[in-house]
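Trainee: Just so you know, the sequences run in chain order A and B. The first sequence lines up with residues 1 to 355 when you count with the working numbering. The second sequence lines up with residues 1 to 428 when you count with the working numbering.
Heads up, a few of these hints could be off.
What the hints assert, rightly or not - Each computed DSS-like pair below joins lysine-lysine, with the alpha-carbon atoms no more than 25 Å apart:
#  : chain 1 : residue 1 : chain 2 : residue 2
1  : A       : Lys114    : A       : Lys204
2  : B       : Lys186    : B       : Lys258
3  : B       : Lys147    : A       : Lys84
4  : A       : Lys54     : B       : Lys147
5  : B       : Lys122    : A       : Lys6
6  : A       : Lys156    : A       : Lys109
7  : A       : Lys6      : B       : Lys147
8  : A       : Lys204    : A       : Lys276
9  : A       : Lys290    : A       : Lys308
10 : A       : Lys77     : B       : Lys298
11 : A       : Lys114    : B       : Lys4
12 : A       : Lys77     : B       : Lys189
13 : B       : Lys12     : B       : Lys384
14 : A       : Lys84     : A       : Lys109
15 : B       : Lys147    : A       : Lys2
16 : B       : Lys258    : B       : Lys188
17 : B       : Lys360    : A       : Lys109
18 : B       : Lys278    : B       : Lys188
19 : A       : Lys114    : B       : Lys30
20 : B       : Lys189    : B       : Lys147
21 : A       : Lys84     : B       : Lys30
22 : A       : Lys54     : B       : Lys4
23 : B       : Lys122    : A       : Lys2
24 : B       : Lys339    : B       : Lys298
Said to hold, decoys possible - Covered stretches of chain B, going by a simulated chain A footprint (3 or more residues, C-beta under 8 Å):
#  : region
25 : 31-37
26 : 67-73
27 : 84-91
28 : 130-137
29 : 164-170
30 : 189-203
If you are wondering where the hints come from, they were derived from the structure by calculation, not from laboratory data. Just so you know, these numbers come straight off a predicted model, no measurement behind them. Glycine included, every Cβ here is placed at the ideal spot set by N, Cα and C.
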Amino acid sequence: MKGLLKVLSPFAPDQSGAAAVFYDMGCITVICDAGGCTGNVCGFDEPRWFRNAKPIFSAGLRDMDAILGRDDRLVDKLRLVAEKTDADFAAIIGTPVPAVIATDFRALKRLAEKRCGMPVVTCECTGTRLYDIGEEEAYMQLVKTFADTSAEASGKSGILGVLGVTPLNISSIDGDELIRQHYKSQGYDEVYCYGMGAGLDELKLAGCAEKNIVIAPSGLKAARYLEKKFGTPYELHYPLMPVNVAEAIKGIENARVCIIHQQIAAEAVRQQLEQKGCDVTVASFFEMKKDLRRAQDVALETEEDYQKLIEEGGFDYVIADQLFRRAVAADCYKEWIPMTHFAVSGKLEEAQCAL
Amino acid sequence: MDNKQAYYISAKDLAARGLDNIPDQLQSSKHLIYSSPATLSFNSPGAQGFGVKRAGLAVPGSVMLLVAPGCCGRNTTMLAELGDYADRFYYLLQDDTDIITGRHLNRIPEAVREVVEFHNPKPSCVMICITCVDALLGTDMDRVCRKASAVAGVPVLPCYMYALTREGRVPPMTAVRKTVYALLEKRKKKSTTVNILGQFAPYMDNCELYDILHNLGVKKINEISRCADFEEYMGMAEANFNLVLNPETRLAAEDIAKRLEIPSIELTRQYRLDKIHKQYQLLGGALGVNIDDSRWMKETEEYIDGFRERHPDLEFAIGECLNADSFELALALIGYGYKVNEIYGTVSGENFPYIRQLAKVSPETRIYTNLEPTMLYYDCSECKADITIGKDAEYYHPDAPNVPWNREVQPFGYAGLRTLLEEIEEAI
């Protein structure tokens with residue numbers, strides 16, 4: 001049955017993706033929920049939070065707030081916080097509750113900006129979609145609202161922007177540093193990882209980047225926007241590799257391999273394997289962008305889709321998060337190579353290296 | 001107060017304001033809810049400890065079908081890794097159309113049937129957990145469950161994980177306590193059987209309450225968490241009376257009294273020695289017997305005396321993520337001669353009497369709430385804490401020794417108090 005999970009458990013939802021993108025932006029993040037969604041974000045989907053808790057607030061909606069659509073109350077509460085913090089802007093993230101009552105986020109944004117006297121961005125997340133959709137919307141809201149070319153006036157140059165850098169995509173809370181080192185070694189003065197490390201000041205310089213790198217599908221739409229608006233070229237490239245995967249694929253040649261991950265990370269592994277004569281299928285429950293998708297690739301929708309792919313695909317190797325392993329018979333592949341995906345299992349990769 | 005200072009109010013000032021004039025800062029409905037590690041159990045009870053999802057699986061052999069958007073089941077990935085829960089969660093994910101039209105309701109009976117056929121062995125019952133979406137849609141889940149039960153051939157019950165109604169008349173944790181006893185059917189009573197209702201994990205094995213009950217002639221003491229199988233669970237219907245040790249179980253006890261004619265007696269978890277004693281006397285009075293708790297009382301009294309000699313000057317900070325009422329525990333510690341400088345708690349009508357007493361014995365004790373946005377600016381250097389109790393309190397004073405006091409096995413009575421002091425001693 002579509003939507004019925006008997007073995008797998010739900011993946012990171014859109015509000016977690018949006019919250020991840022806003023995490024290092026120095027904003028007031030408000031999750032428009034009754035409390036549980038915020039708890040899920042902070043307690044599960046945002047691994048940075050336990051190390052360095054950032055101001056994430058729950059709207060604390062109660063039944064009558066939802067039934068009566070009391071947006072003004074939410075805005076008043078936001079104003080109280082805005083008065084006591086130095087945040088440059090606020091981000092309001094949707095959840096199933098506003099989705100059910102059809103909250104008008106545009107009106108909410110205007111009202112909040114007026115009363116709080118600061119820019120407000122909103123993400124109409126519903127909790128029914130996956131993290132990459134939430135990330136994509138958050139990136140779009142940010143670049144549309146803040147990105148400009150002010151760096152030209154300040155004389156900054158040699159900037160590389162990296163989009164899609166969140167723990168949900170890279171399964172690491174310090175992998176952004178590896179990414180910065182990697183690209184700085186290629187001659188860039190500044191490497192801004194939007195989503196991890198780079199804040200609003202860096203985001204404002206996005207219009208002046210020499211180039212953008214997109215490391216996950218969630219960053220692609222924003223990269224295209226920046227290309228259109230500022231002429232910034234972009235490339236799809238995933239610069240990290242889990243150490244265990246790098247080791248494991250050394251011994252693989254001329255094999256049939258299935259990689260399940262976010263599409264750009266999976267593509268990076270595929271390129272390595274194809275140099276060694278492998279026939280590689282990339283599959284994902286998340287967005288599969290046309291730019292990278294090949295004829296054999298599979299956009300997974302249901303648990304059964306996944307089980308059928310692995311059990312009937314005749315793969316020698318499956319490279320995927322361990323959580324997927326329990327849903328298929330152990331004898332339908334030769335070897336399982338774990339490639340952690342935080343958005344799937346909520347686990348972090350043990351060690352990664354730059355490609 | 002400084003614009004960037006965590007809000008607090010002294011016990012004296014709060015008591016003077018009265019229950020009808022609690023400051024907005026202490027009322028969660030009046031401000032955004034700040035999320036810090038200290039608030040996690042408030043914001044997501046399903047993620048830690050016993051939330052609705054874990055609690056719903058208290059019935060032996062049951063499985064749960066969570067009918068919700070994917071986000072509501074996300075943290076269950078973590079729960080599924082706990083030994084007892086792996087393979088007991090199933091999910092029917094709602095999409096954008098479902099949450100507007102409610103069309104998912106038509107799929108539930110078939111999904112339950114699939115789950116029952118898939119799960120090995122056949123589950124004793126299926127709990128359907130629904131969330132804010134169905135609260136807003138006004139879903140009649142009782143009707144859906146009846147239909148699902150007819151299709152699947154096992155009992156199907158609703159668990160309402162309605163975070164939106166957290167402060168309502170029947171909060172989710174109260175509702176689920178009623179649900180897990182809903183399958184009990186009337187049986188012949190056994191005068192020597194008693195149920196302890198209240199938690200989803202057992203009370204500590206060395207709790208004197210068990211001995212007291214055995215001394216009264218009770219032969220079988222049932223707790224849902226100790227039921228080995230479904231038949232033993234159904235045997236809870238044979239109890240002569242229920243002991244209710246958690247006020248959130250009151251509604252369940254009332255339902256059991258109505259359906260199965262089992263009366264109940266409510267006891268409160270306390271940490272003040274004299275109150276523990278008094279409560280046992282009251283229990284004896286209610287049962288028409290004399291309860292002799294002098295042995296445990298004396299042992300505990302001696303332990304407290306020794307503890308005081310070994311640790312004469314301790315200053316405490318107390319949180320609310322713990323197996324105690326923060327304010328009652330503060331009163332107890334103050335009564336034993338210690339200082340309680342800070343309490344991070346939720347003020348309510350239930351605990352306001354304790355606050356009035358605190359105002360008399362420790363008027364300057366600071367009362368904070370974990371949920372208020374200015375807790376962003378909490379500065380632990382303002383107040384001394386030699387030791388913190390509660391997982392949330394540890395967050396505020398990371399360098400002080402901490403007793404989390406939030407184990408799943410539940411403390412109660414003299415044994416609970418003694419164990420707490422032992423753990424404090426260990427932490428020091």
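Trainee: Between the region 164-170 of chain B and chain A, see if three or more residues pass the 8 Å beta-carbon test, and mark the coverage as holds or violated.
Mentor: holds (count 5)
Trainee: Holds or violated: are the alpha carbons of A/Lys54 and B/Lys4 at most 25 Å from each other?
Mentor: Holds, at about 16 Å.
Trainee: Would you mind confirming whether the straight-line C-alpha gap from A/Lys114 to B/Lys30 stays at or under 25 Å?
Mentor: holds (20 Å)
Trainee: Is B/Lys339 close enough to B/Lys298, meaning Cα to Cα at most 25 Å?
Mentor: Given pair B/Lys339, B/Lys298 holds - Cα atoms ~24 Å apart, limit 25 Å.
Trainee: Are the Cα positions of A/Lys84 and B/Lys30 separated by 25 Å at most?
Mentor: holds (16 Å)
Trainee: Would you check the hint for A/Lys84 and A/Lys109, treating anything up to 25 Å between C-alpha atoms as holding?
Mentor: Distance of about 20 Å is within 25 Å: holds.
Trainee: Going straight from one Cα to the other, do A/Lys77 and B/Lys189 come out at no more than 25 Å?
Mentor: violated (54 Å)
Trainee: Would you check the hint for A/Lys114 and B/Lys4, treating anything up to 25 Å between C-alpha atoms as holding?
Mentor: holds (23 Å)
Trainee: Sort out whether A/Lys2 lies within 25 Å of B/Lys122, counting only the CA atoms.
Mentor: Holds - the C-alpha atoms of A/Lys2 and B/Lys122 are around 22 Å apart, at most 25 Å.
Trainee: Holds or violated: A/Lys290 and A/Lys308, Cα atoms, limit 25 Å.
Mentor: holds (23 Å)
Trainee: When I compare C-beta atoms, does the region 67-73 of chain B have three or more residues closer than 8 Å to chain A?
Mentor: holds (count 6)
Trainee: Holds or violated: B/Lys147 and A/Lys2, Cα atoms, limit 25 Å.
Mentor: Distance of about 20 Å is within 25 Å: holds.
Hint check: violations occur at hints 3, 4, 6, 8, 10, 12, 17, 18, 20 and 30; the rest are consistent with the structure.
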